[in-house]
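J.: Keeping their order, the protein sequence lines are chains A and B. The letter at position 36 of the first sequence is residue 35 when you use numbering that gives the first Met the number 0, and the numbering goes up by one with no holes. The letter at position 73 of the second sequence is residue 72 when you use numbering that gives the first Met the number 0, and the numbering goes up by one with no holes.
Hints were generated in silico from the structure; no laboratory data involved. We put the CB at the ideal spot given by N, CA and C, even for glycine. No false leads were slipped in.
Partial list, derived from the structure: chain B residues whose beta carbon lies under 10 Å from chain A:
1. L199
2. N204
3. I210
4. Q259
5. V262
6. L265
To give an idea of the interface, some chain B residues facing chain A are shown, with a C-beta separation under 10 Å as derived from the structure:
7. I21
8. T196
9. R200
10. F202
11. A203
12. Y206
13. G208
14. I211
15. I258
16. Y261
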Amino acid sequence: MTGSVSLIGYGLAVLGAGIGIGIAGGMTTGAMARQPEVSSTLQTIFILSAAFIEALALLGFVLCLIK
Amino acid sequence: MSVEAAGLSPMERLVPEVNHYIKMLDPLSVSGSSSNPVKLGWNELALSTYMVFFIIALILVVAIVFWAKKRMTASPVPKGRAINAFELLVDFVRNNIVGGCIKHDGEKYTPFILTVFFFILVSNVVGLIPGCKPSTGTIGATFALAMIVFVYFTVVGIAKKGGFGYIKALVPRGLPKAVVPLIFVIEFASMLLRPITLGLRLFANMYAGHIILGIFAILTELFILAPFEHQGVLNAVVSPVWFLLLVLMYTLEVAIAGIQAYVFTLLTAVYIDGAIGEH
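Bound-form chain A, shown alone (with noise of 0.2 Å):
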């Protein structure tokens, strides 16, 4: 097997949070179709939200560069 084991580590690492940020941003946009009027509010807590999940799956993208 060739290649690098750290990018097994990224892929793992990457999956929770891609799930976690569609999961997100599918509530968003059930939650904005039920009450438009609340729009923003919601777009302002998903950004927030999505921002926290991506800080875990980029920091495991940038321990894998770590050599």
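Given the structure of chain A, go ahead and fit chain B onto it with the hints provided.
T.: Chain B alone, transformed into the frame defined by chain A:
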């Protein structure tokens, strides 16, 4: 034409180039100081490129704030797009972040929060200019900022509640006595973890973004130069795809620069509110 005479394909040359690029992003790689380093005890004092950009961001923030002050005191209603954009940012931080998070006495902490926001925003945006690096792209700078925030909200909390009162306020009231030591340990550990996660989040976003931009730029260059290395003209035809991806990632990076400054500032406000909140 045999494969050995043609050399490596662009994709095969990608990995050494990317490794070389990542090594250039190492904060310990100083420029031109190994000939005459300044000794400080047993360490060497040298200026890395990240420190230079940190100083540039600092000078820019001070210049922008003093220019804004001059424009705002010159007339009660400032005219012009730049000063209104500056006011927009200040009002955004004051109303949404400080007003939304800190329940009492928000005005006392607004200058610090504004400073943090503008410094991180300017530092991230400077990193977007081709050839410049974001000074928050190194763990030293972001960890220093996070430690400053940690010391600030701890001092603010101790000043408001007293040393022992602050420690007691870590545990919410109304818990059964048996659970209190466990909850105290958990809360204390999570409080100590705050500066680490704060600095690490900002660093990881800026560092990874810069590396992704570098990878796409290197891919574009390797694919465009491939016909000159006798790899086939088809590679040069494909290279605009990589350039399009580079432009898309650049757009994402502009958004991430603003969003990460917002997230850092929001968390600062939340921690300050947690430190001064009612027991």
